[in-house]
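Sequence order for the protein chains is V and W. In this text, residue positions in the first sequence follow our numbering: the first is 115, and each later residue adds one. In this text, residue positions in the second sequence follow our numbering: the first is 154, and each later residue adds one.
The hints are simulated quantities; they were obtained by calculation from the structure and are not laboratory data. Predicted, not measured: the structure shown is a model, and the values here were computed from it. Treat the hints with care, as some may be off.
For lysine-lysine, the following DSSO-like pairs were computed, each having C-alpha atoms within a straight-line distance of at most 30 Å [what the hints assert, rightly or not]:
#1 Lys242(V) to Lys386(W)
#2 Lys244(V) to Lys145(V)
#3 Lys386(W) to Lys328(W)
#4 Lys156(W) to Lys251(V)
#5 Lys239(V) to Lys154(V)
#6 Lys244(V) to Lys286(W)
#7 Lys154(V) to Lys244(V)
#8 Lys250(V) to Lys328(W)
#9 Lys244(V) to Lys492(W)
#10 Lys180(W) to Lys156(W)
#11 Lys368(W) to Lys253(W)
#12 Lys513(W) to Lys180(W)
#13 Lys154(V) to Lys513(W)
#14 Lys242(V) to Lys437(W)
#15 Lys308(W) to Lys286(W)
#16 Lys427(W) to Lys250(V)
#17 Lys499(W) to Lys242(V)
#18 Lys276(W) to Lys286(W)
#19 Lys386(W) to Lys251(V)
#20 Lys427(W) to Lys311(W)
#21 Lys244(V) to Lys383(W)
#22 Lys251(V) to Lys383(W)
#23 Lys253(W) to Lys250(V)
#24 Lys427(W) to Lys286(W)
#25 Lys250(V) to Lys382(W)
#26 Lys229(V) to Lys513(W)
#27 Lys308(W) to Lys377(W)
#28 Lys170(W) to Lys251(V)
#29 Lys358(W) to Lys170(W)
#30 Lys382(W) to Lys368(W)
#31 Lys370(W) to Lys382(W)
#32 Lys145(V) to Lys377(W)
#33 Lys253(W) to Lys437(W)
#34 Lys239(V) to Lys286(W)
#35 Lys296(W) to Lys282(W)
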Amino acid sequence: MEENFEPRLVGFMCRWCTYQAADLAGTSRMKYPSNLIPIKVLCSSRVDPLWVLIAFMRGADGVLVAGCHPGDCHYQEGNYHTRRRFVLVKNVFDSLGLESERLRLSWISASEGRKFVEVTSEFIKNIKEKGPNPAKKAIFL
Amino acid sequence: MSKTLYIDENVNDGIKKFLRCILENGKVKGVLTLINEGEKIAYSLISNPELIKYTVPLYPIMPLNAARSLSHITLSEPISEPIAVVIKPCEIRAFIELVKRSQGSVENIFFISFTCGGVYPIKMNVNGKINEKIDNFWRLIEKNEIDADLRASCKVCKEFIPYNTDMTIFLAGNKEINNQCRIFLNTDRAEDFAESTDGNIVQDKINTELIDELKVKRLEERKKLFEDKKIEKLGLEGLIDIFGRCISCHACGNACPICYCSLCYFDSQESEYKPVDYESELEKRGAIRVPPNTVTYQVGRLIHVGISCVGCGCCEDVCPSEIQLSTIFIKGSESIQEKFNYIPGKNPEELIPISTFDIKEFPEVET
C-alpha cells in the first residue's frame with residue numbers, strides 16, 4: 115500500500131435525497147472526509163451503468179451510487195431500476211474478477227445527514243484499507 | 154406426440170422442396186434463408202420459387218446473425234405479407250430480444266428452425282475450406298457429436314432447441330437425414346402449411362434422449378472451457394492482457410445482434426478524449442494508449458447487452474485480432490441471466506429484466 119494514500123471517490127447522488135443529505139450534514143456542521151467528489155443527478159436511475167464503469171476505469175478508487183429509500187423515489191420507481199442495474203454491474207464485475215467492493219449502493223434520505231456522514235466515512239475507510247485502484251496506473255485500458 | 158411432416162428426401166432437399174411448395178401455392182410471399190454461391194454466402198429474401206434451388210437453409214455458416222436481417226426488414230413497420238424464415242435457434246432468440254426493444258416485429262413471419270448442430274467460423278468460408286468439412290459435419294450430426302472446428306460458442310451452446318418456432322426440423326442425432334426430412338409442426342399455421350404440400354403428416358415425437366445426450370456433451374464442453382479460461386479470475390490485469398490487442402474497430406458491436414443503438418456511446422463525440430482528458434490521464438499514468446478505452450468498451454458492452462446475449466459468437470467471429478470474446482461474453486452473460494432467472498428470447502411475453510422490477514428484491518445490494 116502506498117504511503118499516505120488518500121482515496122478519490124466518485125459519488126452519483128440523487129438531487130432529491132442524498133444530495134440534500136450532504137447539504138444537511140454541512141449545515142449541521144458535521145464533519146466528513148472530503149475524498150468524495152459529488153455528482154448531482156436528477157434521480158439515481160439516471161446513472162447509466164456505463165458511468166460507474168468509466169469512473170472505475172479512469173481511476174476512481176470507489177464509486178458510490180446513492181438515492182432515496184425504496185418506495186420514496188421522487189419519480190415513484192426510479193430507484194427500483196437503479197437497484198437492478200446495480201445488481202447487473204456488480205455481477206459483471208464479479209464474473210470478470212474485477213473488484214466489485216469498490217462499488218457501493220446506498221439509500222440515504224434528505225433527512226439522514228448523519229447517515230450520509232457514516233456511509234461516506236465507512237466507504238472511504240474500507241477503500242483506504244484496500245489500497246488504490248490498479249486501473250489508475252494501467253496504460254492499456 | 155405432435156404432428157410431424159415427413160418428406161421422402163434428404164433433409165436439405167426436403168426443406169427446399171417444402172419452401173418451394175409454400176412459395177408456389179401462395180402460403181407465403183417470400184422466404185428468407187441462406188443463399189450460397191461459392192464464397193458468397195448471405196441471408197437473402199426470395200420471392201421467385203425458381204430461385205429456391207440456390208438456397209442452403211441448413212448450411213453451417215452464420216454470415217451475420219439473421220436477427221439483424223429480420224430487424225432490417227421489420228424495423229419501420231411489420232411485414233404486410235407472410236414470409237417464411239429458416240434460421241438458427243439463437244437467431245430467433247436474438248430477434249425476439251430485438252422485438253422486445255422495439256427493433257422489429259414478428260407479425261407475418263413464419264419461423265422454421267432446427268435442432269442446431271452449430272456453425273463454423275466465417276473464416277472457414279475462405280478458399281473452399283468449408284467444402285472439405287461439410288460431409289464430416291453431416292456425419293457428426295448423425296452421430297450426435299460435436300465437431301472440434303465449430304465456433305467456440307456453438308460447441309458450448311446449451312440452447313440448441315429452438316423456442317417460438319412454427320416448425321422444427323429434426324437434425325441433431327437424426328440417423329435418417331440422408332433419406333428423410335422430418336419436420337415437427339408446432340402451431341396450427343404450420344399444420345395448415347404442411348397440409349398444402351405433398352409430404353405425409355404423421356404422429357411423432359421429438360426424441361428427447363438424443364437431445365439430452367447432446368446437451369450433456371455440450372455442457373461438458375462448457376465446463377471444460379470455463380475451467381480452462383478461468384474468466385472469473387481474470388481481474389483487471391487479465392482483461393488488459395486479453396483486450397490489449399483490440400484495435401477498437403468495434404466490429405464485435407456491429408456484428409452483435411443485440412447491440413442495436415444507431416449511435417453507440419463509444420462511437421460518439423462524448424466518448425472522445427479531449428486534450429485536457431489526455432493531460433489528466435497522463436498525469437496519473439505517465440502513458441496511455443491512443444485511442445483509449447478498449448477494456449472499458451468491452452466490459453461496457455457486456456454490461457449493456459449481457460442480459461440479452463444469446464451466445465451466438467458473431468462477435469468473436471468478426472474480430473480481426475482473434476480475441477476470444479464469446480467465452481467472456483458467454484460467462485459474463487450467464488451469470489447475469491442466472492441472477493435474473495432469464496433466458497433471452499425464450500418467452501416473448503416476458504419483459505427484459507432491466508425494464509422491470511420487483512418491489513421486494515435484492516435487499517442485500519444496498520449497504
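Hint check:
For the hint pairing Lys242(V) with Lys386(W), the CA-to-CA distance comes to about 23 Å; that is within 30 Å, so the pair holds. At most 30 Å may separate the alpha-carbon atoms for a hinted pair to count; Lys244(V) and Lys145(V) meet this at roughly 23 Å. Distance check on the hinted pair: Lys386(W) and Lys328(W) sit about 42 Å apart at the alpha-carbon level, beyond 30 Å; violated. Simply put, Lys156(W) and Lys251(V) have alpha-carbon atoms about 63 Å apart, too far for the 30 Å limit, and the pair is violated.
Straight-line distance between C-alpha atoms of Lys239(V) and Lys154(V) comes to about 23 Å, which keeps the hinted pair within the 30 Å bound. For the given pair, Lys244(V) sits about 53 Å from Lys286(W) by alpha-carbon distance, which is inconsistent with the 30 Å threshold. For the given pair, Lys154(V) sits about 26 Å from Lys244(V) by alpha-carbon distance, which is consistent with the 30 Å threshold. Distance restraint check for Lys250(V) and Lys328(W): the Cα-Cα separation of roughly 58 Å exceeds the 30 Å cut-off, and the hinted pair is therefore not satisfied.
Between the alpha carbons of Lys244(V) and Lys492(W) the distance comes to roughly 27 Å, so the proposed pair stays at or under 30 Å and holds. With a C-alpha separation of about 19 Å, the suggested pairing of Lys180(W) with Lys156(W) holds against the 30 Å cut-off. Between Lys368(W) and Lys253(W), the direct Cα distance comes to roughly 28 Å. Compliance with the 30 Å bound is thereby established for this hinted pair. With a C-alpha separation of about 49 Å, the suggested pair Lys513(W) and Lys180(W) falls outside the 30 Å cut-off, and the hint is violated.
Taken as a hint, the Lys154(V) and Lys513(W) pair is honoured in the structure, with Cα atoms around 27 Å apart against an allowance of 30 Å. At roughly 18 Å between alpha-carbon atoms, Lys242(V) and Lys437(W) fall within 30 Å of each other, so this suggested pair holds. Simply put, Lys308(W) and Lys286(W) have alpha-carbon atoms about 16 Å apart, close enough for the 30 Å limit, and the pair holds. Distance check on the hinted pair: Lys427(W) and Lys250(V) sit about 18 Å apart at the alpha-carbon level, within 30 Å; holds.
With a CA separation close to 45 Å, the supplied pair Lys499(W) and Lys242(V) exceeds the 30 Å bound. At most 30 Å may separate the alpha-carbon atoms for a hinted pair to count; Lys276(W) and Lys286(W) meet this at roughly 13 Å. For the suggested pair Lys386(W) and Lys251(V), the alpha carbons sit about 20 Å apart, so the restraint of at most 30 Å is met. Restraint check: the Cα-Cα separation between Lys427(W) and Lys311(W) comes to about 45 Å, which exceeds 30 Å; the hinted pair is violated.
Only pairs whose Cα atoms come within 30 Å are accepted, and Lys244(V) paired with Lys383(W) is accepted, the gap being roughly 23 Å. Straight-line distance between C-alpha atoms of Lys251(V) and Lys383(W) comes to about 24 Å, which keeps the hinted pair within the 30 Å bound. Note on Lys253(W) and Lys250(V): the hinted pairing is violated, with a Cα-Cα distance of about 38 Å set against a maximum of 30 Å. A C-alpha spacing of about 50 Å is found between Lys427(W) and Lys286(W), which places the hinted pair above 30 Å, so the restraint is violated.
For the hint linking Lys250(V) to Lys382(W), the alpha-carbon distance of about 26 Å falls within 30 Å, and the restraint holds. At most 30 Å may separate the alpha-carbon atoms for a hinted pair to count; Lys229(V) and Lys513(W) meet this at roughly 22 Å. A hinted pair counts as satisfied when its Cα atoms are at most 30 Å apart, and Lys308(W) with Lys377(W) qualifies at roughly 11 Å. For the given pair, Lys170(W) sits about 62 Å from Lys251(V) by alpha-carbon distance, which is inconsistent with the 30 Å threshold.
Between Lys358(W) and Lys170(W) the alpha-carbon distance is near 22 Å, which keeps this suggested pair within the 30 Å criterion. For a cut-off of 30 Å, the pair hint linking Lys382(W) to Lys368(W) stands: about 21 Å separates their Cα positions. For a cut-off of 30 Å, the pair hint linking Lys370(W) to Lys382(W) stands: about 18 Å separates their Cα positions. With a C-alpha separation of about 53 Å, the suggested pairing of Lys145(V) with Lys377(W) is violated against the 30 Å cut-off.
For the hint linking Lys253(W) to Lys437(W), the alpha-carbon distance of about 42 Å lies beyond 30 Å, and the restraint is violated. With a C-alpha separation of about 60 Å, the suggested pair Lys239(V) and Lys286(W) falls outside the 30 Å cut-off, and the hint is violated. Annotation: proposed proximity of Lys296(W) to Lys282(W) holds, straight-line Cα distance about 22 Å (limit 30 Å).
Comparing the model with each numbered hint stated earlier shows that hints 3, 4, 6, 8, 12, 17, 20, 23, 24, 28, 32, 33 and 34 do not hold.
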